[in-house]
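> Residues per chain, in single letters:
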Amino acid sequence: MLFACSLCAGVLQARTRPRYGGTIRVLVDTDPLQAPNGAALRLVFDGLTQPGIDLESDLQPALALRWVSENNSHRWQFWLRPGVVFQDGAPLTAVAVAASLNQSCRMTACPWSGVHISGQSVVFIGESPMPNLPAMLARPEFLIRELPATASSETPLPIGTGPFRVKDGTAATIRLEANEDCWQGRPFADAVEFRLAHANRDLWAELSTGKTDLIEIAPSEIRAARQRQLRVIQAPDANLLALEVNNPNLAPQLRAAIALSVDRAALQQVIFQKQADVSASLLPAALSGYSFLFPTDRDLAGALAQRGGVNPPPLTLAADAGAPMQLAAQRLALNLHDAGFTVKVVPLIPGLNVTQRADLVLRSLPVAGISPGATLEWTLHNLEINAPVAPAEPVVAFLAERDLLAQHTVVPLLFLPRAWVASSRLRDLHLEADGLPDLANASLVEGELARTSVERAP
Amino acid sequence: MIAKSNPMRLFLLLAVVLAVRKSHAASRWDKPAADLAVRIAEILGPGQAQIAVANRSTVPASEVPGIRRQLEDELRAHGVQPSGAESANQIRITLSETARERLWVAEIAEGSQTRYAMVSFARQAGASEAPRAAILLTRKVVWNSSEPADSPGQSPVLAALETPSGLVLLERDSIAIETTGASGWHEAKRVNLGRSTVESRDPRGMLVPGTNGFTAYAAGTQCQGKYDASDAAASEWTIQCHESDDPWPLNSEPGNEGNLSTGAANGRCFFNASRNFYTGTLSPSPGANLPPFFSLAVLPGPRIVVGGIDGKVQMLDGPSLKPLAGTRDWGSDFAAIHTGCGSGTQILASSSGEAESDSLRAYEIDAEEAVPVSGPLEMDGTVTALWTAPGGASALAVIRKSPTEFEVARVAALCP
Numbered sequence: 000m001l002f003a004c005s006l007c008a009g010v011l012q013a014r015t016r017p018r019y020g021g022t023i024r025v026l027v028d029t030d031p032l033q034a035p036n037g038a039a040l041r042l043v044f045d046g047l048t049q050p051g052i053d054l055e056s057d058l059q060p061a062l063a064l065r066w067v068s069e070n071n072s073h074r075w076q077f078w079l080r081p082g083v084v085f086q087d088g089a090p091l092t093a094v095a096v097a098a099s100l101n102q103s104c105r106m107t108a109c110p111w112s113g114v115h116i117s118g119q120s121v122v123f124i125g126e127s128p129m130p131n132l133p134a135m136l137a138r139p140e141f142l143i144r145e146l147p148a149t150a151s152s153e154t155p156l157p158i159g160t161g162p163f164r165v166k167d168g169t170a171a172t173i174r175l176e177a178n179e180d181c182w183q184g185r186p187f188a189d190a191v192e193f194r195l196a197h198a199n200r201d202l203w204a205e206l207s208t209g210k211t212d213l214i215e216i217a218p219s220e221i222r223a224a225r226q227r228q229l230r231v232i233q234a235p236d237a238n239l240l241a242l243e244v245n246n247p248n249l250a251p252q253l254r255a256a257i258a259l260s261v262d263r264a265a266l267q268q269v270i271f272q273k274q275a276d277v278s279a280s281l282l283p284a285a286l287s288g289y290s291f292l293f294p295t296d297r298d299l300a301g302a303l304a305q306r307g308g309v310n311p312p313p314l315t316l317a318a319d320a321g322a323p324m325q326l327a328a329q330r331l332a333l334n335l336h337d338a339g340f341t342v343k344v345v346p347l348i349p350g351l352n353v354t355q356r357a358d359l360v361l362r363s364l365p366v367a368g369i370s371p372g373a374t375l376e377w378t379l380h381n382l383e384i385n386a387p388v389a390p391a392e393p394v395v396a397f398l399a400e401r402d403l404l405a406q407h408t409v410v411p412l413l414f415l416p417r418a419w420v421a422s423s424r425l426r427d428l429h430l431e432a433d434g435l436p437d438l439a440n441a442s443l444v445e446g447e448l449a450r451t452s453v454e455r456a457p
Numbered sequence: 000m001i002a003k004s005n006p007m008r009l010f011l012l013l014a015v016v017l018a019v020r021k022s023h024a025a026s027r028w029d030k031p032a033a034d035l036a037v038r039i040a041e042i043l044g045p046g047q048a049q050i051a052v053a054n055r056s057t058v059p060a061s062e063v064p065g066i067r068r069q070l071e072d073e074l075r076a077h078g079v080q081p082s083g084a085e086s087a088n089q090i091r092i093t094l095s096e097t098a099r100e101r102l103w104v105a106e107i108a109e110g111s112q113t114r115y116a117m118v119s120f121a122r123q124a125g126a127s128e129a130p131r132a133a134i135l136l137t138r139k140v141v142w143n144s145s146e147p148a149d150s151p152g153q154s155p156v157l158a159a160l161e162t163p164s165g166l167v168l169l170e171r172d173s174i175a176i177e178t179t180g181a182s183g184w185h186e187a188k189r190v191n192l193g194r195s196t197v198e199s200r201d202p203r204g205m206l207v208p209g210t211n212g213f214t215a216y217a218a219g220t221q222c223q224g225k226y227d228a229s230d231a232a233a234s235e236w237t238i239q240c241h242e243s244d245d246p247w248p249l250n251s252e253p254g255n256e257g258n259l260s261t262g263a264a265n266g267r268c269f270f271n272a273s274r275n276f277y278t279g280t281l282s283p284s285p286g287a288n289l290p291p292f293f294s295l296a297v298l299p300g301p302r303i304v305v306g307g308i309d310g311k312v313q314m315l316d317g318p319s320l321k322p323l324a325g326t327r328d329w330g331s332d333f334a335a336i337h338t339g340c341g342s343g344t345q346i347l348a349s350s351s352g353e354a355e356s357d358s359l360r361a362y363e364i365d366a367e368e369a370v371p372v373s374g375p376l377e378m379d380g381t382v383t384a385l386w387t388a389p390g391g392a393s394a395l396a397v398i399r400k401s402p403t404e405f406e407v408a409r410v411a412a413l414c415p
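Line by line, the protein sequences are chains A and B. In terms of numbering that gives the first Met the number 0, the first sequence opens at residue 0 and continues consecutively. In terms of numbering that gives the first Met the number 0, the second sequence opens at residue 0 and continues consecutively.
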């Protein structure tokens, strides 16, 4: 009877406005500020633009209020939002924005050749047309950071304009606190604490003891988490799992044989526990609508026919050290063995360029769910494939992608979700299209609120 | 009468009605079908082809045969004759879609060569909701953001006000004047609130009617709107905004902001501009300190019901605050309506049994307990604002149906 009543109380919980206060505790698998799609990046920093709330929404203004293109998208001008300040109180200026973007270009290749300042606006000049630039500027790589004025022996805390500021951090923990002066409004929570997960974390214990409010889980863990009645939220199609074919000496027929011999269905069912979408396209169906035109079925007979009598050289296949990626690589090695290839799986060494890498690389690439053109452009950028920018017209974009994939230098395999388990204390949690949790608009239920946080309010 | 006198006429009338309905249902596919047929004909030229249609989208299966017929008709009009298996040409048409739009794909196979044609077009707005049926609460849609086809990303609506010269919408960043015509709602004017940054992530606001206009309250901002009464065209609206931390009226009843202690009036309260709640400091003072609150309702007596930010609903009856029983499943928003039913005044309170959809229910206050006097009225979305409508007999609610789709609805009561 008591059990039944406790269930009733849960069901009858009324919708209430979000409350201010409390600390959201998050357990993540990768460094929240350093990883390419780190969970804290959009909490600390903003871009000139930002993704819409979901795939159906348009790109939104952020630090830039408006923008125009000229000269066939070779020139773009972005006007900055007035009144925005960095978390240390310094005003956001065009000089600061240009400096931050120039710094970004030292870390990653940028589509523009120069950024210039024009009053309270920044102007991008490109040698090639940049039709997807507004969407590209929403990517984590181009978030705006305040650069330190002088060189210091100590690494300064990163400073942005986002809803949380970095309070302190160690190798295992990063703590953020609310930015009272955020241009989008103060976040509901007072603080967010990120901890790096250890290998044998117990999801249920972490959540039920109140140690953690949100835990990042791998796609292969989603099914088990649901079976344990945990609250799972996920962004579908957040990452593309693809096989890069790097060896330039492999004959086109052998590359085609590799593409035909992969068994996507087995990867999806066995390694990723049916929590992924099979795809032979670089874009998910929800973005392009035409991905079904790329056949996904394994064609071993076709692979053998393509290989003909050629004896391929022994190949190396590199993959991230994580368990699902290594298992997926082993599975692909078996697929290729069936087609007459000898493949050795090796760990991926980050930082190596294309020629230094293994013959084949299994990669998980973040998918920027903003627009088909921007997503494809960034995916090709990540794969270090130089290709003309895809036009917006669907049939032309499809033909361009088909021609690109026909070279078999990259073999799309699956779209993987980015997933989290959340405690019942955390409410109004929304995932961005790329799977990052929007913790600025999430709040904790009443029991977690510190009374002082309310009293401190002006 | 017709059925009795002439069953055949009834049958014919029914057939005509069905045909008209069928024709109407298929009409929204006319343009994409025609566009795709043109592109196919440009590739294939005049001749015969087998045609297959597959549906990989959310288009209802019942509409696919009609779409196929339309495609075949359009192809015939452009010289492509649908044929049987004897034709070497094949046209495989797939009704697909993305998260944002529909995409119809034609694979045109001539011998060993396959070529492609595609058309993309906007998804249609969702089907209209079914009408729904102690006190019976009724809901009438006043405005829906999905009606103007050119406004896909509606900014959050904080409050709405019906005036003789159009519907005023207070949004997070602007005030819009909407007028209605034969083709639905039309935005006649929009004025920015003049803020480039916002204070709260759960923004709230209020619209109070005045003589030939309104006063709008948003966090840190107050706006005056006036229209030329001699010409009711919405284009004559003048709206001026300025920074303000003046207290907000607690009710949208014009000229009813005098003394709280009389019960007929509602007073004012300071709103915490960087949060989502009132501070609890009322003017004039009701004679007791109130906690910070999300909602407040004044009942005859006078009795004041306060929904605190700690989730507790209390009643100020005389000088002391007392917990109000029966409010465990109330949400943060409630409003008083003076219906004449029962005791004459009820409180509409939002509640939710599911995360995705709210409901409203009417309560009467009996001693120190809220007693439900109506069934729940499903709102098909999240109630993000609720207030007593001018006149007091009904309430207006803003419902968030999706992250970018909002609806303003009037909730009234029918007496048993």
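Among the hints, a few may not be true.
[Said to hold, decoys possible] Cut-off 25 Å, straight-line C-alpha distance, at most; resulting in silico cross-link-like pairs (SDA-like, lysine to any residue):
id	chain 1	residue 1	chain 2	residue 2
1	B	K400	A	L428
2	B	K30	A	Q183
3	B	K400	A	K166
4	B	K400	A	A391
5	B	K400	A	Q233
6	B	K188	A	D57
7	B	K188	A	K166
8	A	K273	A	A190
9	B	K400	B	R67
10	A	K166	B	K311
11	B	K400	A	V231
12	B	K400	A	E220
13	A	K273	B	A98
14	B	K225	B	R189
15	B	K188	A	L58
16	B	K400	A	N440
17	B	K30	A	A391
18	B	K311	B	G380
[Stated by the list, open to error] Partial pick of chain B residues on the chain A-facing surface, computed with a CB cut under 7 Å:
id	residue
19	Q89
20	R91
21	T97
22	L102
23	Q112
24	T113
25	Y115
26	M117
27	S195
28	T196
29	E198
30	S199
31	L289
32	F293
No lab work stands behind these hints: they were computed from the structure. Quick reminder that beta carbons are idealized off the backbone N, C-alpha and C, glycines included.
> Hint numbers the structure violates, sorted upward?
When the structure is compared with the hints, numbers 2, 3, 4, 7, 8, 9, 10, 12, 19, 20, 23, 24 and 31 turn out to be violated.
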